[in-house]
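Trainee: Based on the hints, put chain B in the right spot on chain A.
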Amino acid sequence: EPEVTQTPSHQVTQMGQEVILRCVPISNHLYFYWYRQILGQKVEFLVSFYNNEISEKSEIFDDQFSVERPDGSNFTLKIRSTKLEDSAMYFCASSDRQGGQPQHFGDGTRLSIL
Amino acid sequence: ILNVEQSPQSLHVQEGDSTNFTCSFPSSNFYALHWYRWETAKSPEALFVMTLNGDEKKKGRISATLNTKEGYSYLYIKGSQPEDSATYLCASYGSGNNRKLIWGLGTSLAVNP
Chain A
1 EPEVTQTPSH
11 QVTQMGQEVI
21 LRCVPISNHL
31 YFYWYRQILG
41 QKVEFLVSFY
51 NNEISEKSEI
61 FDDQFSVERP
71 DGSNFTLKIR
81 STKLEDSAMY
91 FCASSDRQGG
101 QPQHFGDGTR
111 LSIL
Chain B
1 ILNVEQSPQS
11 LHVQEGDSTN
21 FTCSFPSSNF
31 YALHWYRWET
41 AKSPEALFVM
51 TLNGDEKKKG
61 RISATLNTKE
71 GYSYLYIKGS
81 QPEDSATYLC
91 ASYGSGNNRK
101 LIWGLGTSLA
111 VNP
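Those protein sequence lines, which keep their order, are chains A and B. No gaps in the numbering here: position 36 of the first sequence is 36 in the numbering used here, and each next residue is one more. No gaps in the numbering here: position 17 of the second sequence is 17 in the numbering used here, and each next residue is one more.
So here's chain B without its partners, still in its complex pose:
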């Protein structure tokens, strides 16, 4: 059974701090790793989809890396702003008989002004 774990569960930072969180996933039967940003009362918004070992993607102040051999991905936020406050979800998409997104529980980020 696939299991995706995220840490920490929650994080409080000051405006301007840089931060990062971790997603770990089973490295076998791996196809893609998705990151989503989920604000309260809104729907999950796609940030990145990564497939290749060593992939690094960037969107503004947010970036992500992928290590498929050891089964982890990091999400980095540089110079956090209050509007970055949200839950950040990762999900692993498998291959073969596991062609579906398996989700982590998310990291809840609160950025204090």
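The following block holds chain A by itself, in its conformation from the complex:
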């Protein structure tokens, strides 16, 4: 069964540095998402992406964050000037339709900011 893959599984970065988290969604899916989960807290929506542009974003997704689909397969989340509070699990997901279809998740990237 096709799956969403994320790399790296764990990223350790110094505060203030930029990180890029990578995702390869399921190939025939059209909608892509990023979520994060800070330890012990709820899964939080960050952004959804469709037709090469952001379709929804949360208040968390400020100018520090950006997403890109640089080619036909990758979907990346860039975090500029990282802060300690950016430490979390970041999950990528994809779906073939919006809302009424299940989202398929990757295994996540654990981001640790030192």
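Read the hints as simulated data drawn from the structure, not as lab findings. Ideal placement from N, C-alpha and C gives every residue a C-beta, glycine not left out. Heads up, some of the hints might be wrong.
[Said to hold, decoys possible] List time: in silico SDA-like cross-link candidates among lysine to any residue, alpha-carbon distance up to 25 Å:
id : chain 1 : residue 1 : chain 2 : residue 2
1  : A       : 42        : B       : 46
2  : A       : 42        : B       : 15
3  : A       : 42        : B       : 16
4  : B       : 78        : B       : 98
[As the list claims (entries may be wrong)] Covered stretches of chain A, as calculated for chain B (at least 3 residues, CB under 8 Å):
id : segment
5  : 43-49
6  : 55-66
7  : 99-111
Mentor: Quick look at chain B alone, frame taken from chain A:
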């Protein structure tokens, strides 16, 4: 602001017991209710997506119901097995300006053999 609540937060049952948990969500601007199963060290796995009031879906020993008028969904597990041990997350997908999944904190289920 949308808020999705799940109860109980955690549950311990014996193998063979049947169990159920609750997800409550705002009934306004509702589009779909998602249930996911999340095992430790794995990614969330979709169980059900329901949209219509009165929807009932079943997958093996797991079933779910939906009441959109009062804003709640129940997840039932019949004859729990140790492999059912996981966190069960629900998420509400809204309409209009709320077209995103808002997640509950989950119910952590432990099934003792």
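Trainee: For every hint, state whether the structure bears it out.
Mentor: Each hint, compared with the structure:
1. 42/A <-> 46/B: Holds. Residue 42/A to residue 46/B sits at ~17 Å (cutoff 25 Å).
2. 42/A <-> 15/B: violated, 28 Å
3. 42/A <-> 16/B: violated, 30 Å
4. 78/B <-> 98/B: Outside the cut-off at roughly 34 Å; violated.
5. 43-49: Three-residue rule met by the segment 43-49 of chain A, so holds; n is 4.
6. 55-66: n = 3 at 8 Å, threshold three: holds.
7. 99-111: Contact hint for the segment 99-111 of chain A vs chain B: holds, 10 residues under 8 Å.
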